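Asker: Produce the complete structure using the sequences and hints provided.
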Amino acid sequence: MVKEQKEKLVVIGNGMAGCRAVEEILARDPERYDIVIFGAEPRVNYNRIMLSPVLAGDKTFDEIVINDEAWYADNGIELVSGDSVIAIDREGKELRSRSGRTESYDRLLIATGSDPFIIPVPGHDLPGVITFRDLDDVEKMLAAAERGGEAVVIGGGLLGLEAAHGLFLRGMEVTVLHLMPTLMERQLDEAAGFLLKTELENRGQTILTGADTAEIVGESHVEAVKLKDGTEIPADIVVMAVGIRPNVRLALEAGLEVGRGIVVDDDMRTRDPSIFAVGECVEHRGLVYGLVAPLWEMCKALADGCTTGATGYRGSVTSTKLKVSGIDLFSAGDFSGGEDCEDVVMRDAARGIYKRVVLKQDRIVGAVLYGDTADGNWYFDLMRQEEDVSDIREAIIFGQAFASGGGALADPNAAVAALSDDAEICGCNGVSKGSIVSAILDGSGTLDAVRGCTKASASCGSCTNLVEGLLTITLGEDYSGEREVKPMCGCTSFTHEDARRLILEKELKEIPAVMQELHWTTPDGCSSCRPALNYYLLCAWPDEHKEDPQSRFVNERLHANIQKDGSYSVVPRMWGGITNPRELRAIADVVEKYDAGMVKVTGGQRLDIFGIQKEDLPAVWADLNAAGMVSGHAYGKALRTVKTCVGSDWCRFGTQDSTGLGIKMERMSWGSWMPHKFKIAVSGCPRNCAEATIKDFGIVCVDSGYELMVGGNGGIHLRGTDLLCKVETEGEALEFCAAFIQLYREEARYLDRTAPWIERVGLDYVKQRIVEDAEGRSALRDRFLHAQTFLQKDPWAERVAGAEAHLHQHLAEIRPFAAVGAE
Amino acid sequence: MDANWLDIGPVDQLPALGARTLPVQGGQEIALFRTANGKVFALHNKCPHKQGPLSQGIVHDTTVTCPLHNWRISLLTGEAQGEDKGCVPTIPVKVDGGRIFIARAEALAGAR
Ligand code: SRM
Ligand SMILES: Cc1cc2nc3c(=O)[nH]c(=O)nc-3n(C[C@H](O)[C@H](O)[C@H](O)COP(=O)(O)OP(=O)(O)OC[C@H]3O[C@@H](n4cnc5c(N)ncnc54)[C@H](O)[C@@H]3O)c2cc1C
Ligand code: SF4
Ligand code: FES
Chain A
293 MVKEQKEKLV VIGNGMAGCR AVEEILARDP ERYDIVIFGA EPRVNYNRIM
343 LSPVLAGDKT FDEIVINDEA WYADNGIELV SGDSVIAIDR EGKELRSRSG
393 RTESYDRLLI ATGSDPFIIP VPGHDLPGVI TFRDLDDVEK MLAAAERGGE
443 AVVIGGGLLG LEAAHGLFLR GMEVTVLHLM PTLMERQLDE AAGFLLKTEL
493 ENRGQTILTG ADTAEIVGES HVEAVKLKDG TEIPADIVVM AVGIRPNVRL
543 ALEAGLEVGR GIVVDDDMRT RDPSIFAVGE CVEHRGLVYG LVAPLWEMCK
593 ALADGCTTGA TGYRGSVTST KLKVSGIDLF SAGDFSGGED CEDVVMRDAA
643 RGIYKRVVLK QDRIVGAVLY GDTADGNWYF DLMRQEEDVS DIREAIIFGQ
693 AFASGGGALA DPNAAVAALS DDAEICGCNG VSKGSIVSAI LDGSGTLDAV
743 RGCTKASASC GSCTNLVEGL LTITLGEDYS GEREVKPMCG CTSFTHEDAR
793 RLILEKELKE IPAVMQELHW TTPDGCSSCR PALNYYLLCA WPDEHKEDPQ
843 SRFVNERLHA NIQKDGSYSV VPRMWGGITN PRELRAIADV VEKYDAGMVK
893 VTGGQRLDIF GIQKEDLPAV WADLNAAGMV SGHAYGKALR TVKTCVGSDW
943 CRFGTQDSTG LGIKMERMSW GSWMPHKFKI AVSGCPRNCA EATIKDFGIV
993 CVDSGYELMV GGNGGIHLRG TDLLCKVETE GEALEFCAAF IQLYREEARY
1043 LDRTAPWIER VGLDYVKQRI VEDAEGRSAL RDRFLHAQTF LQKDPWAERV
1093 AGAEAHLHQH LAEIRPFAAV GAE
Chain B
16 MDANWLDIGP VDQLPALGAR TLPVQGGQEI ALFRTANGKV FALHNKCPHK
66 QGPLSQGIVH DTTVTCPLHN WRISLLTGEA QGEDKGCVPT IPVKVDGGRI
116 FIARAEALAG AR
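For the protein sequence lines, the chains are A and B, in the order given.
Counting along the first sequence from 1, when you hit position 363 you're at 655 in the numbering used here, and nothing is skipped either side.
Counting along the second sequence from 1, when you hit position 104 you're at 119 in the numbering used here, and nothing is skipped either side.
A hint or two may mislead.
Claimed, not checked - What follows is a list of derived Cβ distance ranges for each label pair:
{"id": "1", "chain 1": "A", "residue 1": "P414", "chain 2": "B", "residue 2": "V110", "range": "22 to 30 Å"}
{"id": "2", "chain 1": "B", "residue 1": "A120", "chain 2": "A", "residue 2": "L1077", "range": "54 to 62 Å"}
{"id": "3", "chain 1": "B", "residue 1": "V110", "chain 2": "A", "residue 2": "R606", "range": "20 to 28 Å"}
{"id": "4", "chain 1": "A", "residue 1": "D835", "chain 2": "B", "residue 2": "R114", "range": "37 to 45 Å"}
Since the hints were derived computationally from the structure, they do not count as laboratory data.
Note that the coordinates shown come from a computational prediction; the quantities given were computed from them, not determined experimentally.
The beta-carbon is built from N, C-alpha and C at its ideal position, and this holds for glycine as well.
Answerer: Here it is in structure tokens:
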């Protein structure tokens, strides 16, 4: 009989790859094999990726079945379900199942998929800890959701977020714990990860990033999850979705070659010519996959090789989407960037859109889209075809419809030219193209001029490019592209003033939020805008600001001044330039104990200890703290020193207690971060021994009171102070000083000293705000003192107590032929 | 354990957009960087300009700005960017199972 002569194909794994492989083989040659499929799950083949919609309540199990029982019967396939294979005997070409059944094969296909990875923390085996892989898991989650309560999902990747979404829709309170700083960090860049996090939080989920699970707590069932930082989050269930591991046990025990997965060649053949493997369990050309698209390609290659003739699988390029309703997100390829790569970024804050396409040698190598993914497939295709996109480069970020609009439209300026006169350009202020063009024709030849007279692009700024396009079209050669006010840096078209204003108006509180709302054109800014934004945020929101150490220049990150050899200098604060034997002794001891290269009296009346290594800084600070000294902020865009002279206590010419007032000023204003460094001096008489008239704020004492001087600078461009006003009491001197500092803090551009700032805004403006407006002055002073309640913490003491310890420790140390961890 | 790679610790001890140091006894100190996307890179901790400690610079995208005179150095190739010319050696690193591995031979190059 014909039947006797058929080869026998046995498949281990009734999942997505196993069944797809069988379908592909049947499509090519339905008569070739006798087929038996073993499946550990007690059910027919279903679409695993649709378990997320089942959990979320969008689909039922019946709707996600791919092959029902009739399919197996019609194709003469024997399905052994609910019985897993436990051993393969390669010599005897036979396998054994858990129930004791043996089955011989001519060809064997392993498609065992993967197992969820479980982090082996204490409590990981408690009832209530659930993985997310098959229908049983979904049923457990649904049963738990029925009872309501709190769910903790460990893992902020694709699977974890889909689980969290489903459980949230089913009425549970959901907390997602993610080890990394951004969600889905393998697929998304920081900017998109931030948008995703914000959206999920707005929906009501709690998302904790940088959350490292220490333990799952519970007696007979989970009760809470405890993090390494001590936080405890109550939990009725814990879903572990931290990753998967290829299920390779059978292959390994059968002696097949296994790396991260079962090693196969381009025909999906293992090292044993009669054994094949497909799906998540394989390793092909060094890669393992965790998505379905590669499986389809593997199954085709396998079926070709097993029937009509080998064609070979060459590996897959993958893309990701998140199946959470209302969140459009797409990512593909590599977007780690690099100098031969070019980023094209578009942000539309009003519509919550972020798009980034990464080009390398005129080809797309990666794309991240958030909020509008319509062009995802188009980018993905261009990427896979490795198509040269230089022709449409300028327009590529606007998407396929726009970029493929032919030669003319591919130029964004041409696209703007094609718009009708009443097309709205600036949505915020309702300005049409026609009115902008007539403004330009009437003589507004720069962006700032157009902004000034039409208000176009003066609010959120997202239409800046369009307005500049109109300038180019209308003025042609005559448009210089120049702007009177320079943008902050190459990452944005906004000026410092715009950014500061919008941070307040839009209540932006984190750097990624600013970058998104203000359409930054780079993914994470640069070394020039990040420190500025960090400062603007801390100044705008003193109560809430979260420091971003990575946006601080090294000196402010390490609270010491870096030197040319990479060591640091340490300047303890000496209030008003006064010291005492105890402080001097402590400094002398530190110099000897840490073998400091030099100790020097500075131009600002302090002692500067040179040559300290970053690892020794906390110990040095501990010794100085012990003698009552705190950080001198000699490293900061902050109050530096208050220089004083001896004054009326000792000097025969002294009119007031300049030393005492200097100390009071320093006590009031130390610790405050500012746009640039800030220096104060108090001289006891007009002989001015403290050089008060070249300081940011200087006081010259006279018989009848205090002359307040502002805007001096003894640095690169020498500038003597201007007289702000004269006051009669110390109290007034302090109030005016506080108000002046706050005005400077709130209005100067980052890295402007007071001198250039006053040159720009004019002394009259400053007088009007500080001298003439008493109410305004006292409000400024109050805001300054309020901010100081948060800022006046000695950063050295915090480090001594262990804050940011990693900054002062090596990651590890290599002694040739041994690596030794430091922590 | 693979003899070609040295395990130098968990990746979560390297802050995103930050860096830490790895001294090599008798050899060049190495700076390990982590980008916003979680990618890890290793370079000699010495700016090609005047040996500034690159580990203390500000990291953005895949470059670091040297803390001493603001040269921008590529984390991928070690090349100075823009007008500046110079190159610092890079060392292969990989992250596996949440741990950082550094190529032994390159890390030890120059060490006794
Ligand atoms: C230590 C000291 C020199 C000394 O040995 O006396 C010093 C040292 C440095 N100065 Fe200064 N300046 C020192 C007094 C001054 C003075 C005089 C003064 O404060 O009375 C001035 C002119 C006054 C002024 O600032 O208006 C001064 C004007 C500058 C400038 C130019 C500022 C400007 O606006 O033009 C810089 C560059 C900068 O800040 O961008 C600078 C920068 C520096 C830096 C921070 C350079 C750097 O970035 O590495 C030096 C490192 C200090 C360190 O490692 O501790 N230093 N520097 C003085 C410390 C004063 C203190 O006790 O805090
Ligand atoms: C909730 C969820 C959502 C997902 N969403 C997406 C998505 O949106 N996009 C995407 O591309 N991918 C997604 N995936 C991943 C995708 O489902 C997998 O890549 C795909 O299922 C892998 O197919 P496979 O056949 O290799 O493994 P599986 O589908 O897991 O099939 C393996 C089968 O083998 C069985 N088995 C294992 N060992 C034995 C044994 N010894 N004997 C008998 N049977 C055995 C298992 O029980 C299982 O049924 C998702 C996965 C999950 C869990
Ligand atoms: S003047 Fe200031 S910045 Fe210049 S070398 Fe001296 S300490 Fe350094
Ligand atoms: S040493 Fe790095 S820029 Fe000068």
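Asker: Are the hints correct? Go through all of them and say.
Answerer: Comparing the hints with the structure gives:
At roughly 25 Å, the beta-carbon separation of P414(A) and V110(B) lies within the given 22 to 30 Å, and the hint holds. Separation of A120(B) from L1077(A) is about 59 Å and conforms to the stated range, judged on CB atoms against 54 to 62 Å. Take V110(B) and R606(A): their Cβ atoms lie about 26 Å apart, and the range 20 to 28 Å holds. The beta-carbon spacing between D835(A) and R114(B), approximately 39 Å, falls within the hinted interval of 37 to 45 Å.
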